[in-house]
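Q: Quick note on full-length UniProt numbering: the sequence shown kicks off at 1 and runs consecutively.
Watch out, some of these pointers could steer you wrong.
Now the in silico label distances, taken between C-beta atoms and shown as ranges [unchecked claim]:
id	residue 1	residue 2	range
1	Val86	Lys47	19 to 29 angstroms
2	Ser169	Asp135	28 to 38 angstroms
3	His21	Asn166	33 to 43 angstroms
4	Thr45	Pro92	32 to 42 angstroms
5	Asp28	Phe209	17 to 27 angstroms
6	Asp135	Phe91	16 to 26 angstroms
7	Tyr14	Ser170	18 to 28 angstroms
8	Thr50	Gln122	22 to 32 angstroms
9	Glu174	Gln206	13 to 23 angstroms
10	Gln22	Asn166	17 to 27 angstroms
11	Glu214	Lys193	41 to 51 angstroms
12	Glu119	Gln22	33 to 43 angstroms
13	Lys193	Thr217	45 to 55 angstroms
Calculated from the structure, these hints are not laboratory results.
Note that beta-carbon positions come from the ideal geometry of N, C-alpha and C, so glycine has one too.
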Amino acid sequence: CPSPKVSDTVVEPYNATLSVHQLVENADEVMCLDNEALYDICFRTLKLTTPTYGDLNHLVCAAMSGITTCLRFPGQLNSDLRKLAVNLIPFPRLHFFMIGFAPLTSRGSQQYRALTVPELTQQQFDAKNMMCAADPRHGRYLTAACMFRGRMSTKEVDEQMLNVQNKNSSYFVEWIPNNIKASVCDIPPKGLKMSTTFIGNSTAIQEMFKRVSEQFTAM
C-alpha cells in the first residue's frame, strides 16, 4: 500500500485502487503490507532516523518468512496456506489480512534478550507491531493466526492464545468461537531464539482502504 512518507511515484494511489478489484475477485488471501506502517515501525520502534527501502524490505522479509515457515520446515503443528485460508476466511471476499511480527529488530542488529512466549504474544497483538496502517483496536477480529518459531512448549502457546481471547473478548466477534489458530515450528529465524508472526482478519482493515480511497479522490 502506498505512503506519502516513502513514496517516489505520484500515481501510487491509482495503482493501489485499480488493483483492488482483481485482489477481491481473483486472490484467495491477501497479506496487506503498508509502506506507511513499515516506515512508522522503522522510525518509532527501531529508532532509524532515515529509513530506506532496504530497512522496510527487511521487515517484509521477516513477516513473509514467518508466514511461509511451515511450508519450508517440519513443525509440531503444521499449517499451510490452504489451512490458513480455511481457518481465517469466514466469507470469501473478506480475505485481506493484517500482518504483525515480533520481536521487531533492525537490519544487522542482534537480539540480546530471549523473549518469553507471553511477551511475544503481547507484542504481536500490539497495534505498533502491525505492518499495515490500520489500528486493530478500531475494529474486531473475525479470525487470527499466530505462527511461533523456536524451542517452546505447544501447551504454553495454547494457554497464551486462550488468555488473549479471554482478556480481550470485546475485540473478537462472538459468533466465531476459538477463532485464533496457532502453529509452532522448532526452527527459529536467523539471529533470533524465538519469534512469532501474526495474521489477523480484522474489520479494522477498512481504515487502510479508506485512506487509499481518500488519496485517490484527492488526485
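Q: Against the structure, test the hints numbered earlier, and report the numbers of the ones violated in rising order.
A: Violated: hints 1, 2, 7, 10.
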